[in-house]
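Participant: We have chain X; now place chain F onto it with these hints.
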Amino acid sequence: MEIRPIASSMLRNRTGPILICLQIALTLALVINSIFIIQLQMEKIARPLGTDIDNTAIFNVALVDRPDDMEPFIKNDMDEIRRIPGVVDATIIAQFLHSGGGSALSFRPVSEPGDDLTKTASVNEVDEHGLNALGVELLYGRNFRADEILYPAPNTQVGLSEVVLITESLAKAFFPDSETADIVGKVVYPGDVDTTPVEIIGITADVAAQWINYDSEFAEEAAYYFMLFPRVQTYNDDGHYYLFRTEPGAQDRLMAAVTDKLYEIAPDRLFWEPTTQAEIVQETQQGNRAIATILGVISLLMVMITAFGIVGLASFTVNQRTRQIGTRRALGAKKRDILRYFLVENVMLTTIGVVLGSALAYGIHLFLFSIMHIPKMSFALIPAGVLVLYVLGFAAVLGPALRATAVAPAVASRTV
Amino acid sequence: MFTDSKIAYDLQLALNSIKKTPVLSALMVAAVGIGIGACMTIITIFYLMTVNPNPDNSEQLFTYALHNRLTVREGQEDDEPRLLSTYRDALYILESDIPTEQSIHYQSWAVYRNAAGGVNPFWDLFRLATPGFFSLFDVPFLYGEAWSQEQEDNKAMVMVLTWDMNNKLFGGENSVGERIEVGDDFYEIVGVMDKFKPLPKYFEFDYGLFQEIEGALVPFSLTPTIELMKNSGSRSCIATPEGDDFQSYLDAECHWLHHWVRLPTAEKREAFHEMLNNYSLEQRRFGRFQGPFNNRLYNLTEWLERLEIVDGTMTMLIGVALMFLIVCLLNTNALLFAKFTGRSAEVSLKRALGCSKKRLLKQHLIEIGLVGLVGGALGLLLALVGLAGIKILLTNFDDLAHLNTDLVIIAIAASIVSTLVAGLYPAWRTCQIAPAKYLKSQ
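Chains as they are written, first to last, in the numbering used here: chain X, 1 to 416; chain F, 1 to 442.
Hints may be right or wrong, so weigh each one.
Here are the simulated SDA-like cross-link-like pairs (lysine to any residue), alpha carbons at most 25 Å apart as the crow flies [as the list claims (entries may be wrong)]:
#, chain 1, residue 1, chain 2, residue 2
1, F, 20, X, 406
2, X, 119, F, 241
3, F, 155, X, 238
4, F, 391, X, 279
5, F, 155, F, 171
6, F, 197, F, 393
7, F, 19, X, 399
8, X, 119, F, 237
9, X, 119, F, 233
10, X, 376, F, 315
11, F, 20, X, 411
12, X, 172, X, 182
13, F, 391, X, 297
14, F, 201, X, 103
15, X, 119, F, 72
16, F, 20, X, 315
17, X, 119, F, 240
18, F, 391, X, 289
19, F, 201, F, 46
20, F, 201, X, 214
21, F, 357, F, 416
22, F, 168, X, 411
23, X, 172, X, 211
24, F, 362, F, 15
Simulated from the structure, these hints should not be mistaken for lab results.
Just chain X, same shape as in the assembly (with noise of 0.2 Å):
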């Protein structure tokens, strides 16, 4: 191999080399980091949420004139949209659900407030359709049996109510001890210095906390800490909430079909924006998808200026040492020596900057670590990255290389 050779004609031209080694490195080191956090974007994008996303609708409602008793007005709307074919279920709900806000509380499982026993969990309040309206399955106990539901007048406020819903992962938080079975009939303790217990009477299937996508510690932790209250409230300034699930395929005729009836029932009805949980998953997750496209692009962009960079200065290098070549092709030299020269030049120009480049990743994963709630990253990423531009420099090398076997051994005898 010609490797000395190679290697002295670097060093004496050194600056345009060192500069494309820099440039591999960077962005080595860049696109190494670049699909780590992308890869971390897609998976918290691709983390079930619980619920039937696909089939279920929220409509936020209010009333321009409503009666003084709200409860038999909701219950009559409930029991309106739940006749109409092709929906499931509906549930009237305190909130939206994955929209990455909401209300929560604090809970711990002993009556003296504890040091490090208090969970804070996601809070929604539904009546005894809720689960079955969600698409949440029952793991262990019992659901709410409708006298349980609490229907508070408008704008009141009322303390908690005795039974409660909680996930697996709540229950398993709350109670690492005991059998998941057993956490039922179990009591929690609300808030700091609240000493009215709350019954567990059932423990369902995961749903996501509001919090799911946040960059936090505390969300990775209590990503399904989540419960479930027999509580609704009827009326608040802010209106109310009716969430309903349809068979596969019916959402947008039956939002329609929903929306007709509601008209129907009280025609001075105010709609804020009907939605449906898919959008509102969609825009929860806006900001994951973006940072993921975002570096997506620049990783993109960056491979290819990397790859023009070198192609420019291939050429180049073929053009000033035409007559070079001229001369070794005339002293007995092979085309496939002069393209071996150019390739392995490459090559050697590659490897130094794959070495720089992954220390110098590991040094961005680093800081990027301290800065962001992220994991350690794994090392099969480097390999990978190193792989991918090796065979970069050697597709960008390529072209110019083949061109230099075309001198004729003739040149080297020109004049110019």
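Facilitator: Same frame as chain X, but now just chain F:
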């Protein structure tokens, strides 16, 4: 001819040189353009997120956070206090004459029922605020003015409309003096705001920092009368309210009110902070404010930092954009080296004919500057494309994703300067060539 120092001639030379190597030049312009484009896209978002929304008052505007705790657990002594104020704490501080102006405000929803001109009843945002809201945050008025302190104290049924609401209800006409029914009450309109959109909306962080102020505003003192709960934004309670009536809602240990004060002098600032601590101490008798005091007073700048608008993710994106620009400049740098090395014979000849190093360097730098200028223009175009892309990706960023004159100047200047920095060494090296060296061979 080489002593002719006309700029036009140098530009001609530079253009000739660029034309001679079209592919190399195009690659350089593309690299600079793409680098500046990507950088400017991210920096525009960053700039508009972090620019001081009220620079004239930022040293005088303060908000506080009282560290109200009913219990103290181990390891929680140094917790940061909750950001919003409770109703009773806010009312106590409102009585203080240390601040020259105060704004307490919160947002909810209401049905606008008796709308003028046959507009159907609708449902929109509704805000309660003390009149200090308008003076503290420099709210511009189109018609009329804010309600007076006297009207605030007397719980007058008066209202200020936002620009949007006035358009919706009165088609943008002067509506001062009109009466409209909102919720269960009639209000007299005393003022109409002009467009008002500070970015970020620093005085209210819990309902979209980059969203417009909508709806209508009425005196904060009406809160117990019209019994409007905060139904928009954050309300966090450290104890369950005692009853289910509205007074219990107000008395509850819940943090929900935004409270800003103007403290024009250092003495006032100290006096105010001392007043907060004395108040906390006194409240201990009622079982509140347990543990050490972590009461905070933030001026506008500190407040924006506390909100962490620029989080780890934003820092990461800025870092990536800057490193990307560096890669693009390294690329340009390598290409310039290649190009200038190829010109050795020409440079050598010029030197032999008496052209000074300085003059040659100048010619090279003009050429590089030209590449930077064209690259910067391309970068601006690409930044526009990038920002359009961001608008599609993040629908809430509509107002953040636009270029202003400052940013255009920054982009062009950054492009030229960074290209010159990248090209200075290659150009200098080329000009060191001995006059006769390249004349001998070839």
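Participant: None of the hints should be skipped; say for each whether it holds.
Facilitator: How the hints compare with the structure:
1. Taken as a hint, the residue 20 of chain F and residue 406 of chain X pair is honoured in the structure, with Cα atoms around 23 Å apart against an allowance of 25 Å.
2. Distance restraint check for residue 119 of chain X and residue 241 of chain F: the Cα-Cα separation of roughly 20 Å lies within the 25 Å cut-off, and the hinted pair is therefore satisfied.
3. For the hint pairing residue 155 of chain F with residue 238 of chain X, the CA-to-CA distance comes to about 24 Å; that is within 25 Å, so the pair holds.
4. Pair hint residue 391 of chain F plus residue 279 of chain X holds up; C-alpha atoms about 17 Å apart against a cutoff of 25 Å.
5. In summary, the hint linking residue 155 of chain F to residue 171 of chain F is not supported, as the alpha carbons are separated by about 28 Å, beyond the 25 Å threshold.
6. At roughly 22 Å between alpha-carbon atoms, residue 197 of chain F and residue 393 of chain F fall within 25 Å of each other, so this suggested pair holds.
7. As the CA atoms of residue 19 of chain F and residue 399 of chain X are separated by approximately 23 Å, the hinted pair is consistent with the 25 Å bound.
8. Of the supplied pair hints, the one linking residue 119 of chain X and residue 237 of chain F holds, its CA atoms being roughly 15 Å apart against a limit of 25 Å.
9. For a cut-off of 25 Å, the pair hint linking residue 119 of chain X to residue 233 of chain F stands: about 22 Å separates their Cα positions.
10. Our distance criterion of 25 Å between C-alpha atoms is met by residue 376 of chain X and residue 315 of chain F, whose separation comes to about 18 Å.
11. Simply put, residue 20 of chain F and residue 411 of chain X have alpha-carbon atoms about 23 Å apart, close enough for the 25 Å limit, and the pair holds.
12. The suggested pairing of residue 172 of chain X with residue 182 of chain X holds, with an alpha-carbon distance near 11 Å, which does not exceed 25 Å.
13. At most 25 Å may separate the alpha-carbon atoms for a hinted pair to count; residue 391 of chain F and residue 297 of chain X meet this at roughly 15 Å.
14. Pair hint residue 201 of chain F plus residue 103 of chain X holds up; C-alpha atoms about 23 Å apart against a cutoff of 25 Å.
15. Of the pairs offered as hints, the one joining residue 119 of chain X and residue 72 of chain F holds, with about 16 Å between alpha carbons and a cut-off of 25 Å not exceeded.
16. With a C-alpha separation of about 15 Å, the suggested pair residue 20 of chain F and residue 315 of chain X falls inside the 25 Å cut-off, and the hint holds.
17. Straight-line distance between C-alpha atoms of residue 119 of chain X and residue 240 of chain F comes to about 16 Å, which keeps the hinted pair within the 25 Å bound.
18. About 13 Å separates the Cα atoms of residue 391 of chain F and residue 289 of chain X, which keeps this hinted pair within 25 Å; it holds.
19. Proposed proximity of residue 201 of chain F and residue 46 of chain F is supported: the alpha carbons are some 15 Å apart, at most 25 Å.
20. Distance hint between residue 201 of chain F and residue 214 of chain X is fulfilled; the C-alpha atoms sit about 21 Å from each other, no more than 25 Å.
21. Restraint check: the Cα-Cα separation between residue 357 of chain F and residue 416 of chain F comes to about 22 Å, which is no more than 25 Å; the hinted pair holds.
22. Annotation: proposed proximity of residue 168 of chain F to residue 411 of chain X is violated, straight-line Cα distance about 81 Å (limit 25 Å).
23. Restraint check for residue 172 of chain X and residue 211 of chain X: the C-alpha separation of about 19 Å stays at or below 25 Å, so the hint holds.
24. About 14 Å separates the Cα atoms of residue 362 of chain F and residue 15 of chain F, which keeps this hinted pair within 25 Å; it holds.
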